[in-house]
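Modelling step: build the complete structure from the supplied sequences, incorporating the hints.
Counting in our numbering, the sequence shown runs from 1349 upward without gaps.
Treat the hints as calculated values from the structure; they're not laboratory data.
Ideal placement from N, C-alpha and C gives every residue a C-beta, glycine not left out.
Check before you lean on any hint, since a few could be wrong.
[Said to hold, decoys possible] Result set (DMTMM-like, lysine to aspartate or glutamate): computed pairs, CA atoms no more than 25 Å apart in a straight line:
| hint | residue 1 | residue 2 |
| --- | --- | --- |
| 1 | K1403 | E1441 |
| 2 | K1427 | D1414 |
| 3 | K1427 | D1367 |
| 4 | K1387 | D1367 |
| 5 | K1427 | E1386 |
| 6 | K1403 | D1428 |
| 7 | K1403 | E1464 |
| 8 | K1403 | D1384 |
| 9 | K1427 | E1441 |
| 10 | K1387 | E1441 |
| 11 | K1387 | D1428 |
[Unchecked claim] Label pairs and their computed distance ranges (CB to CB):
| hint | residue 1 | residue 2 | range |
| --- | --- | --- | --- |
| 12 | G1449 | A1596 | 15 to 23 Å |
| 13 | G1509 | E1580 | 20 to 28 Å |
| 14 | L1401 | R1598 | 36 to 44 Å |
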Amino acid sequence: MVSAADRAKNRARTSVWLDQRAPSRTRRADQPAGLDREKITAATVRLLDAEGLAKFSMRRLAAELDVTAMSLYWYVETKDDLLELALDSVYSEITPPREEGRWQDRLRELATTYRELLVRHIWVSPLAGHFLNIGPHSMLFSYAVQDVIRATGLPLRRQTGALSAVFQFVYGFGTIEGHFVQRSAEAGLSQDEFFQQAMGTIRSQPQLSRIVESAQDLMEARGGDTVEEMRERDFTFALDLLIAGIEAMRDR
1349 MVSAADRAKN RARTSVWLDQ RAPSRTRRAD QPAGLDREKI TAATVRLLDA EGLAKFSMRR
1409 LAAELDVTAM SLYWYVETKD DLLELALDSV YSEITPPREE GRWQDRLREL ATTYRELLVR
1469 HIWVSPLAGH FLNIGPHSML FSYAVQDVIR ATGLPLRRQT GALSAVFQFV YGFGTIEGHF
1529 VQRSAEAGLS QDEFFQQAMG TIRSQPQLSR IVESAQDLME ARGGDTVEEM RERDFTFALD
1589 LLIAGIEAMR DR
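Right, here's the structure in full:
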């Protein structure tokens, strides 16, 4: 097991994926049988989904696995290492698009599955900005994105800008959507009920109601009978707009 002194010396280590040592140590007689890094990572994902990032701790994870907290340090050095492993593991849920498809369709597919990932695991958003994202599943996603952007026909110097435009938009959209879904669930309301309650609160405030009234025609033109339908229309059109922009810049 790695000692506290060893962990302290390695605080500057930037990624668990840069650690060249074996992922687990030889099990002692008092170590739990059947425990390994993969099972610990899977339990971490379940716990993060159920309770969120703020409540996650090694002690809470140990209780979930019915082991001691110190047992976990035979497989990971720090809590951050474990969070980085969990982050990479969920990127495996993104299936790369077919290589023979049109780049527009492949880009839509990647953007949609990335958005779904961010909504399904709302803890991914803050962690994606915290780590290097150089794990195997994260890199496969990056390669798939790069392949699609190359296929657009944009000059090389413009491709990273196109990549940023699309996937930073998806990151922001999926993050906000995920938090809305979570807040609705925590309130014990459907998304439509939560939306109507929030709008009712805003309309009851004189200083805010004028803003809502001025945007009433915009909201009505948005279309859709439910929050999910409205959101889907917005996402689809925004993505179409970005793709049209890429096509226009390519033709220029």
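So, going through the hints one by one against the coordinates:
no. : hint                      : result
1   : K1403 / E1441             : 24 Å, holds
2   : K1427 / D1414             : 17 Å, holds
3   : K1427 / D1367             : 15 Å, holds
4   : K1387 / D1367             : 19 Å, holds
5   : K1427 / E1386             : 15 Å, holds
6   : K1403 / D1428             : 14 Å, holds
7   : K1403 / E1464             : 23 Å, holds
8   : K1403 / D1384             : 23 Å, holds
9   : K1427 / E1441             : 23 Å, holds
10  : K1387 / E1441             : 17 Å, holds
11  : K1387 / D1428             : 17 Å, holds
12  : G1449 / A1596: 15 to 23 Å : 21 Å, holds
13  : G1509 / E1580: 20 to 28 Å : 26 Å, holds
14  : L1401 / R1598: 36 to 44 Å : 39 Å, holds
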